[in-house]
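Dock chains B and C against chain A, hints included.
Each chain, letter by letter, is given below.
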Amino acid sequence: MKGLLEHMGIEPGRLHFSWISSAESTKFVDVVSQVTESVKALGPAQNFIKREPKVA
Amino acid sequence: MNAMTDKIRQIARRLLEEGKVDMVVGFRKGTVPMMSEPCFIKDSARVDALVWDGNCGINLANYLTRRKERMAVVAKGCDTRNIVTHIIENQIRREQVYIIGVPCQGMIDKRKVKNLADGEVLSVEEKDGKVVVTAGGGEKSFDRTALLQDNCAICHHKNPALSDELAGELVRENPDVDRYEDVRKVEAMGAAEKWKFFDELLSTCIRCYACRNACPLCYCPTCFVDESKPQWVGKGQDPTDTRTFHFLRAFHCAGRCTDCGSCERACPMGIPVRQFTKKLEKDAKELFGWEAGMTLDARPPLDTFRPDDPGAFIK
Amino acid sequence: MSEFQPKIVAFLCNWCSYGAADLAGVSRLQYPPNIRVVRIPCTGRLSPKFILSAFRRGADGVWASG
Chain A
0 MKGLLEHMGI EPGRLHFSWI SSAESTKFVD VVSQVTESVK ALGPAQNFIK REPKVA
Chain B
0 MNAMTDKIRQ IARRLLEEGK VDMVVGFRKG TVPMMSEPCF IKDSARVDAL VWDGNCGINL
60 ANYLTRRKER MAVVAKGCDT RNIVTHIIEN QIRREQVYII GVPCQGMIDK RKVKNLADGE
120 VLSVEEKDGK VVVTAGGGEK SFDRTALLQD NCAICHHKNP ALSDELAGEL VRENPDVDRY
180 EDVRKVEAMG AAEKWKFFDE LLSTCIRCYA CRNACPLCYC PTCFVDESKP QWVGKGQDPT
240 DTRTFHFLRA FHCAGRCTDC GSCERACPMG IPVRQFTKKL EKDAKELFGW EAGMTLDARP
300 PLDTFRPDDP GAFIK
Chain C
0 MSEFQPKIVA FLCNWCSYGA ADLAGVSRLQ YPPNIRVVRI PCTGRLSPKF ILSAFRRGAD
60 GVWASG
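Residue numbers (numbering that gives the first Met the number 0), protein chains in the order written: chain A, 0 to 55; chain B, 0 to 314; chain C, 0 to 65.
Chain A with its partners taken away, still in its complex shape:
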């Protein structure tokens, strides 16, 4: 999935996968921070957004 999305031009940092057990709250916090940082660094998404028609 990630491979093809990137192949099509979505930046690698936008989609993340992880595996966290329900006891690993600290890992959860770490990963949230990492994910947020990496998306923040990329800036707002420009591609793949369905724009609603201006005149409806």
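Take the hints with a grain of salt, since some may be wrong.
DMTMM-like cross-link-like pairs, simulated, lysine to aspartate or glutamate; straight-line CA separation at most 25 Å [what the hints assert, rightly or not]:
| id | chain 1 | residue 1 | chain 2 | residue 2 |
| --- | --- | --- | --- | --- |
| 1 | C | 48 | B | 199 |
| 2 | B | 111 | B | 177 |
| 3 | C | 48 | B | 308 |
| 4 | B | 6 | B | 42 |
| 5 | C | 48 | B | 282 |
| 6 | B | 111 | B | 94 |
| 7 | B | 109 | A | 23 |
| 8 | B | 129 | B | 142 |
| 9 | B | 139 | A | 36 |
Using C-beta positions, here's what the derived DEER-type ranges look like [claimed, not checked]:
| id | chain 1 | residue 1 | chain 2 | residue 2 | range |
| --- | --- | --- | --- | --- | --- |
| 10 | C | 13 | B | 268 | 26 to 32 Å |
| 11 | B | 203 | C | 25 | 40 to 46 Å |
| 12 | B | 169 | C | 13 | 21 to 27 Å |
| 13 | A | 40 | B | 93 | 50 to 56 Å |
Negatives, chain A to chain B, calculated, CB over 12 Å [as the list claims (entries may be wrong)]:
| id | residue |
| --- | --- |
| 14 | 12 |
| 15 | 13 |
| 16 | 21 |
| 17 | 22 |
These aren't lab readings, by the way, just hints derived from the structure by calculation.
We put the beta carbon where it would ideally sit given N, CA and C, even for glycine.
Structure of chains B and C alone, referenced to chain A:
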């Protein structure tokens, strides 16, 4: 009339007369040049309609699902791989099909012929590696290799992967051809560049779903594009919708696509739709060492778990 | 406008990461407020369609966690 056609007719006649199968799925000559069409033959008196030439690019595996009859099918390398995939996915039973395997020399790309001929193509003859095209502006002869479909030119599996009987001598495989040159070219691009590349690629898509209908893998009773509750993808020509469609279509073929080229052949706009599926085909090969439809004995990588599955993308 | 605050859709498995998120809350751990959590019964319930849907509706990032 070529030897392959004779042999196919012979086998078909025998099977029907012996009552081994209820029908034979094969090709007959189309009403316009370069358009051999699928046909279903149930009566041994009619087997002479069957032909085999370089225009049989349609994947006949597509016609075998959801049927009750015992069928014989004329199948080239990629078709047999799709039949194997169907059997693995329980769409057909093995004992239901009798595969007449045809070692394939590659199919002729009708667009290439049309581009090279002057005027309307009136007839196309194949002989000893040459293709003679008669068009409004006169007769021309080309090398067959120059007119092959893109996917046939890089084919690694011309010979049937599974067959009950062969309709000709096995042909020499060509395992040294670089299959993924174009995929690597795209992989080397940056994100923005890739986005633009596919934008241009898809700009002419009219969302006719011919690629989906021609694809032997697309047998879902309701395709995701036709679902309306929830509606995953809009029906119009919005670039985002078009891209979503092509993305998901390719994704559904992950680890199953045999690169038979039906999608590209069916596309009325000449979009190289294989660019999507090919990337996944390459990934399946590199990550799992998997080539779809080569054997009945292994489960595909995406429906099995192995401890050594690549997991580098998971944090 | 201050710093860019991305919208991230997080698909969390009920039994794994959702539990972890719950535990993080109970333990009063601080984490960035940018994620919008969608609880799913299992990561196996996550279809590629969901991820595409999120992007199509303007998510800046998607995070799937089992």
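Hints and how they fare:
| no. | hint | in the structure |
| --- | --- | --- |
| 1 | C:48 <-> B:199 | 23 Å, holds |
| 2 | B:111 <-> B:177 | 21 Å, holds |
| 3 | C:48 <-> B:308 | 23 Å, holds |
| 4 | B:6 <-> B:42 | 17 Å, holds |
| 5 | C:48 <-> B:282 | 20 Å, holds |
| 6 | B:111 <-> B:94 | 39 Å, violated |
| 7 | B:109 <-> A:23 | 59 Å, violated |
| 8 | B:129 <-> B:142 | 5 Å, holds |
| 9 | B:139 <-> A:36 | 62 Å, violated |
| 10 | C:13 <-> B:268: 26 to 32 Å | 44 Å, violated |
| 11 | B:203 <-> C:25: 40 to 46 Å | 55 Å, violated |
| 12 | B:169 <-> C:13: 21 to 27 Å | 54 Å, violated |
| 13 | A:40 <-> B:93: 50 to 56 Å | 53 Å, holds |
| 14 | 12 | 10 Å, violated |
| 15 | 13 | 9 Å, violated |
| 16 | 21 | 16 Å, holds |
| 17 | 22 | 17 Å, holds |
Comparing the model with each numbered hint stated earlier shows that hints 6, 7, 9, 10, 11, 12, 14 and 15 do not hold.
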